[in-house]
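Participant: Residue numbers (the working numbering), protein chains in the order written: chain A, 1 to 316; chain B, 317 to 697.
These aren't lab readings, by the way, just hints derived from the structure by calculation.
Heads up, a few of these hints could be off.
For lysine-lysine, the following DSSO-like pairs were computed, each having C-alpha atoms within a straight-line distance of at most 30 Å [said to hold, decoys possible]: (1) B:K448 x B:K423; (2) B:K448 x B:K429; (3) B:K435 x B:K446; (4) B:K448 x A:K312; (5) B:K448 x A:K235; (6) B:K448 x B:K425; (7) A:K235 x B:K554; (8) B:K446 x B:K423; (9) B:K425 x B:K446; (10) B:K554 x B:K573; (11) B:K573 x B:K336; (12) B:K446 x A:K312; (13) B:K425 x B:K435; (14) B:K435 x B:K448; (15) B:K336 x A:K235.
Far from chain A, by Cβ distances over 10 Å, these chain B residues were calculated [stated by the list, open to error]: (16) V334; (17) R345; (18) D390; (19) L393; (20) S399; (21) E428; (22) Q454; (23) I490; (24) E491; (25) S552; (26) V645; (27) S659.
It should be emphasised that the depicted structure is a prediction, and the values quoted were computed from it without experimental measurement.
C-beta: ideal position from N, C-alpha, C; glycine also.
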Amino acid sequence: MSAGRVIPAGFFPATFMVTDMNKTRTSGRTIGGLRTLSLQAPAVSLLFLWMIVPLAMTVWFSLQRYNLLMPGMTGFAGLENYEYLFTDPALWSAMGTTLLMVGWVLVITVVGGTLLAVLFQQDFMGRGIARVLAISPFFVMPTVSALVWKNMMMHPANGVLSWVAESLGLPAVDWFSSLPLTSVIIIVAWQWLPFALLILLTAMQSLDEDQVEAARMDGAGPIAIFFFITLPHLKRAISVVIMIEMIFLLTIFAEIFVTTSGGPGLATTNLAYLIYIRALLDFDVGMASAGGVVAIILANIVAIFLVRMVAKNLES
Amino acid sequence: MATLELKQITKSFDDTHVIKGVDLEVNDREFVVFVGPSGCGKSTLMRMIAGLESATSGDILIDGARMNEVGPADRGLAMVFQSYALYPHMTVEDNMGFSMRLAGVSKDKRREKVLEAAKILQLEPLLDRKPKALSGGQRQRVAIGRAIVRNPSIFLFDEPLSNLDAALRVQMRIELARLHEELDATMIYVTHDQIEAMTMADKIVVLQSGEVEQVGSPMELYHHPRNRFVAGFIGSPKMNFIDVELVSSDAEGVTIKLPGGETRQVPIDGAAHASGGALELGVRPEHLVLDEQGPMEGRIQVLERLGGQTSLYVQMGDNLLTIMADGDVAYRVNDSVRFGFSSDRAHLFDADGLSLAKLHRHPLAGLRRQDNRAPSDTVDQ
Chain A
1 MSAGRVIPAG FFPATFMVTD MNKTRTSGRT IGGLRTLSLQ APAVSLLFLW MIVPLAMTVW
61 FSLQRYNLLM PGMTGFAGLE NYEYLFTDPA LWSAMGTTLL MVGWVLVITV VGGTLLAVLF
121 QQDFMGRGIA RVLAISPFFV MPTVSALVWK NMMMHPANGV LSWVAESLGL PAVDWFSSLP
181 LTSVIIIVAW QWLPFALLIL LTAMQSLDED QVEAARMDGA GPIAIFFFIT LPHLKRAISV
241 VIMIEMIFLL TIFAEIFVTT SGGPGLATTN LAYLIYIRAL LDFDVGMASA GGVVAIILAN
301 IVAIFLVRMV AKNLES
Chain B
317 MATLELKQIT KSFDDTHVIK GVDLEVNDRE FVVFVGPSGC GKSTLMRMIA GLESATSGDI
377 LIDGARMNEV GPADRGLAMV FQSYALYPHM TVEDNMGFSM RLAGVSKDKR REKVLEAAKI
437 LQLEPLLDRK PKALSGGQRQ RVAIGRAIVR NPSIFLFDEP LSNLDAALRV QMRIELARLH
497 EELDATMIYV THDQIEAMTM ADKIVVLQSG EVEQVGSPME LYHHPRNRFV AGFIGSPKMN
557 FIDVELVSSD AEGVTIKLPG GETRQVPIDG AAHASGGALE LGVRPEHLVL DEQGPMEGRI
617 QVLERLGGQT SLYVQMGDNL LTIMADGDVA YRVNDSVRFG FSSDRAHLFD ADGLSLAKLH
677 RHPLAGLRRQ DNRAPSDTVD Q
């Protein structure tokens with residue numbers, strides 16, 4: 001994973017921890033009569049502390065009056081922070097934005113990744129180089145790619161896109177003010193498309209060539225082969241891509257911070273960015289923590305479903 | 317009616333010539349087996365017939381019509397792959413009905429045809445299963461069923477039994493032979509296993525490095541191999557080759573001098589060869605006989621007792637010969653044995669590896685597979 005992806009404390013590792021620990025508890029206690037718990041203990045307890053300390057602190061802060069601008073006002077707040085949070089229209093707007101961002105990026109990367117995987121599976125001159133180039137955006141760190149998109153691609157005066165528009169005789173678009181959410185989605189999708197491509201291309205390579213030939217003998221053309229043979233074969237890999245991407249896309253931060261700062265208004269403020277605004281712009285630690293707890297719960301709900309789905313898929 | 321004709325078919329990948337001009341005729345309802353060592357081009361030849369691979373030059377004719385440019389689905393063929401190539405996400409029924417689904421056949425009609433094929437192959441109870449829930453033999457039958465459903469004029473089998481265990485292989489072999497009778501279709505079968513070839517074929521095509529070595533019925537190949545390669549490839553265990561010297565030849569046959577110095581006459585036409593020339597004597601293990609007065613002698617290296625028969629591996633000079641003897645022979649390793657051979661069954665090969673013609677044709681050499689049946693079983697067509 002590239003550097004600089006911001007993951008709020010306790011945001012999602014909790015789910016992984018729980019499922020992992022369940023597994024070891026049921027299957028890994030004794031191997032060949034040897035008790036393995038004591039051997040696992042150092043690693044497991046380290047991971048457990050790593051998760052539980054920030055999580056407990058977040059929950060604790062969310063129940064406190066804790067605003068850095070009002071140092072005098074402290075003490076137990078009960079569910080007051082949550083009350084303010086849930087009555088704040090910004091929360092619902094942020095949730096909607098998060099959903100749109102995750103949804104659209106998933107659609108673009110999965111559909112595009114599948115098509116590109118099929119394309120890059122074909123034999124053509126310079127395929128190896130083309131594959132490396134197609135995958136390389138994933139290795140650019142999010143802040144850098146966001147800056148490149150902001151200043152060199154989507155800039156209304158000297159961006160490549162406006163140059164293209166101009167040479168076609170169209171008016172230049174000021175992407176970040178007129179289509180802010182779309183712009184962020186484009187940038188994030190550009191970053192994650194290579195990931196989907198990488199996973200799906202690997203999956204493509206395990207497709208049994210005989211099956212394709214059998215389908216050809218059965219009268220399937222390229223399109224029928226894609227829908228009846230390739231796509232079912234990629235099902236499992238696609239579900240893995242969706243799961244992993246979803247977990248990371250719920251926490252998009254750098255791209256928003258660098259390009260739109262969550263604006264105009266709240267147009268590109270997702271849940272992660274809202275927590276950042278509450279904590280480090282409004283200095284309201286209590287409310288930000290409450291937001292963090294909501295985010296943890298949301299991510300865990302998503303993760304439980306996805307982990308189940310993927311596990312079921314992998315078993316079959 | 318389905319006949320296949322190949323005319324001077326060649327196939328090259330860049331500079332590698334995989335198939336070097338093959339001519340072949342397959343008659344209607346014939347069971348033809350392509351056999352040869354791995355890398356001989358037999359699978360490539362089949363894939364060219366199927367249309368999965370294009371021929372570099374030459375003509376492929378099915379029922380007299382040139383098919384080189386016709387796609388694999390439109391040649392009226394069906395192929396059974398070595399890996400079965402079942403679609404893993406579809407049920408047995410969907411697997412078998414896939415070609416009809418693509419052709420837009422209605423669901424009821426599809427089910428009817430699938431059931432018909434499933435009945436022939438005893439697959440009815442498995443129709444709702446996915447391939448992964450089937451055993452190897454069942455998968456094999458589904459793959460065959462998928463071919464039957466297409467109602468092809470020619471069936472192509474690419475080493476279909478090589479992934480099965482030995483017992484199942486024997487069973488499927490019998491089943492395939494039965495299927496051939498029942499469907500009355502032309503079948504082409506690729507294998508490297510000469511037992512499959514011998515037991516199932518009407519006609520065997522022996523290939524080596526992209527060339528046809530010999531085409532003929534199993535008994536013809538066994539009794540009258542055209543050259544040393546075919547003689548060694550057909551028959552198990554492999555034929556023994558012994559260097560001999562030609563002493564004289566007349567109308568009764570050739571007199572040869574064996575390594576021990578003794579001479580024997582074999583009923584083979586040696587008129588074209590000069591006296592004193594070096595030849596190679598080919599005798600199958602089952603035609604070498606242990607005999608106290610035999611002309612040759614050797615030392616037993618290994619003894620394999622199979623119960624009913626015993627294989628003796630006998631060192632004679634530089635050659636390790638295989639002798640199939642009775643199961644009860646009392647020899648032990650390192651014993652010295654004398655043995656002879658039945659001269660009617662001997663073969664002679666010249667320096668180029670070509671076999672010298674026999675004086676008498678073996679009575680079974682022209683046998684066709686259907687001749688094995690008594691006249692009363694013959695189904696009227």
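Participant: Could you run down the list of hints and mark each one as holding or not?
Facilitator: Quick rundown of the hints versus the structure:
1. B:K448 x B:K423: Holds, because 24 Å separates the two Cα atoms, which is no more than 30 Å.
2. B:K448 x B:K429: With a Cα-Cα distance of about 23 Å, the restraint between B:K448 and B:K429 holds, given a limit of 30 Å.
3. B:K435 x B:K446: Holds. B:K435 to B:K446 sits at ~18 Å (cutoff 30 Å).
4. B:K448 x A:K312: Roughly 16 Å between the alpha carbons, so the hint for B:K448 and A:K312 holds.
5. B:K448 x A:K235: The hint holds at about 17 Å.
6. B:K448 x B:K425: holds (26 Å)
7. A:K235 x B:K554: Given pair A:K235, B:K554 is violated - Cα atoms ~50 Å apart, limit 30 Å.
8. B:K446 x B:K423: Since the Cα atoms of B:K446 and B:K423 sit roughly 19 Å apart, the hinted pair holds (cutoff 30 Å).
9. B:K425 x B:K446: With Cα atoms ~21 Å apart, B:K425 and B:K446 stay inside 30 Å; holds.
10. B:K554 x B:K573: holds (23 Å)
11. B:K573 x B:K336: Given pair B:K573, B:K336 is violated - Cα atoms ~38 Å apart, limit 30 Å.
12. B:K446 x A:K312: holds (16 Å)
13. B:K425 x B:K435: Holds, at about 15 Å.
14. B:K435 x B:K448: Satisfied, since the Cα-Cα distance of roughly 21 Å is no more than 30 Å.
15. B:K336 x A:K235: Outside the cut-off at roughly 43 Å; violated.
16. V334: holds (17 Å)
17. R345: holds (21 Å)
18. D390: Contrary to the label, B:D390 does not stay out of reach of chain A, its closest Cβ about 8 Å off (not over 10 Å).
19. L393: violated (7 Å)
20. S399: Its Cβ does come within 10 Å of chain A, the nearest being 5 Å, so this is violated.
21. E428: holds (18 Å)
22. Q454: Per Cβ check, B:Q454 is outside 10 Å of chain A; nearest 17 Å; holds.
23. I490: For B:I490, whose nearest Cβ neighbour in chain A is about 25 Å away, the distance exceeds 10 Å, so it holds.
24. E491: Per Cβ check, B:E491 is outside 10 Å of chain A; nearest 21 Å; holds.
25. S552: B:S552 clear of chain A: closest Cβ-Cβ about 29 Å, beyond 10 Å.
26. V645: The claim holds: B:V645 sits with its nearest Cβ about 47 Å from chain A, beyond 10 Å.
27. S659: holds (49 Å)
Figure legend: structure checked against the earlier numbered hints; hints not met, in rising order: 7, 11, 15, 18, 19, 20.
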